[in-house]
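Go ahead and model the full structure; you've got the sequences and the hints to work with.
These protein sequences, in sequence, are chains B and X. Note that my numbering gives residue 185 to position 186 of the first sequence, counting from 1, and the numbers run on in steps of one. Note that my numbering gives residue 190 to position 191 of the second sequence, counting from 1, and the numbers run on in steps of one.
Wrong hints could be hidden among the right ones.
When chains are identical, the list treats them as one kind, so a pair holds in a single copy or across two.
Stated by the list, open to error - Straight-line distance between alpha carbons at most 25 Å, and here's what the computed SDA-like set of lysine to any residue pairs gives: (1) 151 / 106; (2) 4 / 229; (3) 4 / 164; (4) 272 / 11; (5) 45 / 14.
If you're looking for bench data, these hints aren't it; they were derived computationally from the structure.
Residue strings, one per chain:
Protein chains: 2
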Amino acid sequence: MDVLKTVAELRDWNRANGGNRPRVLVPTMGALHDGHLSLCDIARKKAGMTGTIVTTIFVNPTQFGPNEDLDAYPRPLEADLEKCRSHGVDAVFAPSDNSEIYASDASISISETSLSNHLCGASRPTHFSGVCTVVAKLFNLTQPDAAVFGEKDFQQLAIIRRLVRDLNLPVEIIAGTTVRESDGLAMSSRNAYLSPQARAQAPIIRQALGHAAATIQQGKFDESIGLVRKTIESAPLAKIDYIEIVDAETLQPISNLESGRPARIAAAVFFGKTRLIDNIGVEF
Amino acid sequence: MDVLKTVAELRDWNRANGGNRPRVLVPTMGALHDGHLSLCDIARKKAGMTGTIVTTIFVNPTQFGPNEDLDAYPRPLEADLEKCRSHGVDAVFAPSDNSEIYASDASISISETSLSNHLCGASRPTHFSGVCTVVAKLFNLTQPDAAVFGEKDFQQLAIIRRLVRDLNLPVEIIAGTTVRESDGLAMSSRNAYLSPQARAQAPIIRQALGHAAATIQQGKFDESIGLVRKTIESAPLAKIDYIEIVDAETLQPISNLESGRPARIAAAVFFGKTRLIDNIGVEF
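Right, dumping it as structure tokens:
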């Protein structure tokens with residue numbers, strides 16, 4: 000496995016591996032867990048034996064708000080590289096410094112003005128502009144045929160699909176199912192921040208979403224949000240940021256299920272300063 | 000020469016011509032004049048005999064302001080194709096409809112927040128976001144190794160270079176010198192709007208810029224702008240939009256020449272509703 004620390008090294012690698020297609024990208028912020036590694040496995044399926052997997056590890060500053068956890072975000076690079084190695088990744092692009100990615104006078108950014116108005120976009124107003132900008136940059140730098148993103152960040156996945164469509168990026172987007180701990184908690188690098196008490200209570204998010212989906216399937220759409228809210232609020236350390244039921248494609252809030260249009264129930268919940276997100280699909 | 004009217008046709012063409020590199024793009028809004036055709040000639044030099052030239056003809060709605068000349072903009076497609084044919088263009092991508100380029104619910108855009116604050120960006124606040132977005136899309140659609148832009152739109156050229164740098168687009172940007180009528184007027188598709196009287200007065204822009212550059216070279220920086228202004232205002236039909244002396248790279252206004260840092264004097268002048276731009280380099 001090649002470890003590339005600079006854009007120049009990445010460009011050399013691209014040239015040397017130009018013919019080994021398809022090239023499949025797994026963009027991450029590191030602190031890799033089994034969720035990320037399942038994306039690498041999906042990438043291998045797509046790449047086959049002749050193709051290559053490139054994983055990027057970059058804690059992107061432009062997607063963090065001023066009071067968020069940019070500095071605290073875990074960066075266990077050596078452990079991450081070992082995990083990539085054992086999951087058949089061909090090259091890791093782990094820029095040694097933010098200046099490899101952003102010029103000090105960078106002045107171009109990408110924004111999304113529809114899908115990002117709700118859910119996490121409402122709580123984190125500059126987040127998705129940072130995500131879109133860095134993903135477009137990483138696509139242009141790594142030149143993949145396909146890229147794999149996890150469904151845990153459901154809004155991000157929808158916005159990346161929109162980015163690809165609206166900028167005509169020649170990259171196929173593949174979704175990876177959320178990987179969960181045995182008690183149902185969605186895997187996240189941020190779970191490491193949780194106190195033992197919070198960790199014990201956090202699976203309530205998934206349970207509440209599961210109840211709500213079942214409630215909607217039973218035709219009781221109007222009761223569902225209240226039920227999620229009540230269930231999550233039963234955990235003493237939980238503080239709800241949002242719970243919304245949205246159209247799975249447009250991410251606009253809906254007030255009823257429409258046949259043939261998948262919906263998504265999405266929640267963000269604080270446990271102390273740690274903000275966790277999860278979501279569940281529902282349709283009929 | 001292949002004429003491609005849809006994104007699907009362009010994609011097929013890309014596949015069939017994948018190996019004919021370098022591929023050099025000349026993006027235009029059509030109404031081609033000798034300035035555009037000189038860009039095609041530069042493209043051929045770059046492409047050599049094995050490479051290909053792709054010219055795009057698309058009057059991009061997102062770079063026009065609400066009271067600008069989008070509807071009036073000339074669209075002489077057949078004449079344009081003939082000119083491309085006679086200048087060795089291999090393929091013209093001329094989308095048959097705006098919907099080939101923009102989805103009705105498009106929600107992604109690119110913006111630039113430094114170079115676009117002055118000059119045309121001040122008069123046309125949404126213009127360069129439209130330019131950046133469509134150029135990124137056309138790059139992604141046509142997958143060129145290099146692209147040629149004219150120096151007449153000097154601010155556009157600088158912003159495209161910034162777009163390429165900040166989004167890591169793998170495209171080399173080549174500048175084409177402004178082509179002029181025999182009386183010095185910079186060629187522009189918008190010259191066709193001019194009344195005979197305005198057409199007769201319009202060369203004053205170039206003359207004034209030339210005087211100003213000479214004045215600066217003589218060490219009289221502070222007098223130069225006033226001189227341009229006075230000269231242009233001597234033409235009865237001319238109404239100045241802006242005249243500025245800026246750093247050629249950052250496009251920020253300067254108050255003196257600095258050794259080794261090229262500057263640019265840029266002007267936009269209305270003749271009736273027709274807005275003409277021009278610029279001249281100056282350095283020591």
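If the cutoff is 25 Å on CA atoms, where do residue 4 and residue 229 land: within, between, both or neither? Let me know, please.
-> Result: close neither inside a copy nor across copies, 47 Å intra and 55 Å inter.
First find the shortest C-alpha distance between residue 151 and residue 106 inside one copy, then the shortest across copies, and answer within, between, both or neither for a cut-off of 25 Å.
-> between (30 Å within a copy, 22 Å between copies)
Alpha-carbon proximity between residue 4 and residue 164, which holds within one copy, between copies, both or neither at 25 Å = Intra 30 Å, inter 19 Å, cutoff 25 Å: inter-copy only.
Is it within, between, both or neither when you check residue 45 against residue 14 at 25 Å Cα-Cα?
-> both (21 Å within a copy, 20 Å between copies)
With identical chains treated as interchangeable, where does the CA-CA distance between residue 272 and residue 11 reach 25 Å or less: within a copy, between copies, both, or neither?
-> neither (41 Å within a copy, 51 Å between copies)
This entry does not satisfy hints 2 and 4, going by the numbered hints stated previously.
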